[in-house]
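Visitor: The lines below spell out each chain.
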Amino acid sequence: MRVCLLCGNCFLPPVDLVRLFSFQAFHEAVLCPHCQKLFQPLGPIRCPACGRSQQTAQLCRDCQRWEQIYDGDLLVNCSLYHYDQAMHDLMVQYKRYGDYQLAQVLASFLPPLPNWLLVPIPTSPEHQAKRGFDTIEAIFGNYALKPLLTKIPGQGAQGMRSRQERLEAEQGFVLADVNYPIYNRSISKILLLDDIYTTGRTLYHARDCLRRAFPSAKIKSFTICR
Amino acid sequence: MDELIGRQWLANQEDITTISTCEKVPAIQADRCQRCGSQLLAYLPSRKRYCRSCLGIGRVSEDQVLVRNLATAVFPKNPAPLTWQGKLTKHQTKISQALVNNYHAGKTTLVHAVTGAGKTEMLFPLLAACLADGKRAAVAAPRIDVINELYPRLAEAFAQIKVGCYHGKREAEPGCEQLTLLTTHQLLKFYRAFDLLIIDEVDSFPYAGDPMLHFGAKNAVKTAGVTVYLTATPTSDLLAEINQGKVAKLTLKRRFHGQKLPVPREKLFLRPYLNHGRLNPQLAEHISRAIKAGHPLLLFVPKITEIPAYLAAIKADPQFAQLKLAGVHAADPERLSKVEAFRRGELEILVTTTILERGVTFKHVWVIILAADDRIYSASSLVQIAGRVGRASDDPTGLVLFCYHRYTHNIRQAMQEIQEMNQ
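Chains as they are written, first to last, in our numbering: chain A, 10 to 235; chain B, 859 to 1281.
Keep in mind that the hints were calculated from the coordinates and are not lab data.
Hints may contain errors.
[To be verified] Looking from chain B toward chain A, a few residues come up when the C-beta cut is under 7 Å (computed):
{"hint": "1", "residue": "900"}
{"hint": "2", "residue": "902"}
{"hint": "3", "residue": "903"}
{"hint": "4", "residue": "904"}
{"hint": "5", "residue": "913"}
{"hint": "6", "residue": "917"}
Ideal placement from N, C-alpha and C gives every residue a C-beta, glycine not left out.
I would like the entire structure built from these sequences, with the hints used as guidance.
Guide: Set out below in structure tokens:
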């Protein structure tokens, strides 16, 4: 018997014998089947760049704009869930109210990530001090993360801005530590990790920043919701 | 600092500001959150614990303290704070007098009054007795809608008194008004603040069955203060306290117009309410009867997701093609305007979830509850929904229809309660 982290009800996690005997690590269920159903996975037809779920498999309008700005060099992003009301409520509870336990819920959504260099999008130091944890690192805590980026302090949160303000936001990241030994190695693949892909502004900025250190690396991104 | 009299708030341990009237307690003590009483604690990466229950009003964690301002607010005495000119009926006067007596005797009281009894007016003399002494009073309810409806009425009835109104949709932090209206969640921000605390609709979600809100309510009232509970359907925990003699009970069985409650009709449906997007003919018959009689109709459905299907089915029926209808639910951004349009008679049918089960009055309205056997309807919800009908003195009857596939305990209990109050 387990207690659902969202509704607090008791439930029996489904037993999957194949998975049980696969001897591979898996996430123990933290949500009851009812709460699990609240979250809608993205549909099969998606924008080839940002992963938005849509009617046709063509480049979405946002990405067409990015294509112009970045001269065809699009960031390929993969996401799992719709950013709908249920996901919004979960994120509000997790990020705004600081319910650290919910990192387990978000972590339970994660698929196995590829063996690339995993770079989390950083939280501003002010927010981190206030919450007592880093929202992204807490979710992806089971993976070996390389926090190569730091946020320039005093810029406020993306979530508090309008769409237009987000798009016009300035580059908010700097490389963490220039003497980090990793910069001497040749890195071929980097995966940026974030919780929400809204306009793409944050992730494109993060990529710009990493490009300077790893000019030849292939950089993609992964977010939980789109 | 006077603003914060009777309040409790979070501060960091190193916060050294001290006010002589304030006490500091560790925010989490003896495995319990001291603000909400919950034991639902979880760990932060720092190995400090935090409370998951009352997160919404600011996270309580182990390295913090709760600062409580224990000063007593002093208000001028005012021999006649009540500016309301209306008159109470004979039944209302009796209850109202008993409430004032119980208040002076320091007795916690439960008022069990039928829906549409005019509970708010009965409170006026009680509140006046408290405010006249220069004491501090609060009226709390679990739902924001109820508070929003009460606020203008109380502000008008006590025109010379400063009235505060606080809930999650208002940004303002509570101040120190002599009369405060607030949701039961906001009570968690107070500590030993009120001489009189009235909690309306104690049987309703989320107050009923939430130990955190009960804890908050107990803490918000002064040790020598008096609590008054109002309900149309007392919950079992309150009934138990009445039996133990901890709470006095006052019962009012008649609506303000002196008429009995409309008794719901029960109807067994063997076929689904909707079949391939078409209304069940019997259901259509009932709807058309209400419309022909010229009554606006509230159609209760158990789930938000079912609203569009019913709207489409009604629109698809040729006999209802001319009707204006809408659906409304808690997360609907146009909720207030739709309810207002229905109240003005611009909509004939309003399909709704339980958000309109209580605290709202529509003239001449009739009610159909679809799937009254659904788990979402507690006995108290059903009694409340039935209580929307026949509230006007010139139209004290009307149709309440419980549609069900399976007769449930809750339906039976609701019917019994209504019939009991009608005796």
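Visitor: For every hint, state whether the structure bears it out.
Guide: Status of the hints after comparison with the structure:
| no. | hint | in the structure |
| --- | --- | --- |
| 1 | 900 | holds (4 Å) |
| 2 | 902 | holds (5 Å) |
| 3 | 903 | holds (5 Å) |
| 4 | 904 | holds (6 Å) |
| 5 | 913 | holds (4 Å) |
| 6 | 917 | holds (5 Å) |
Violated hints for the displayed structure: none, as all numbered hints are satisfied.
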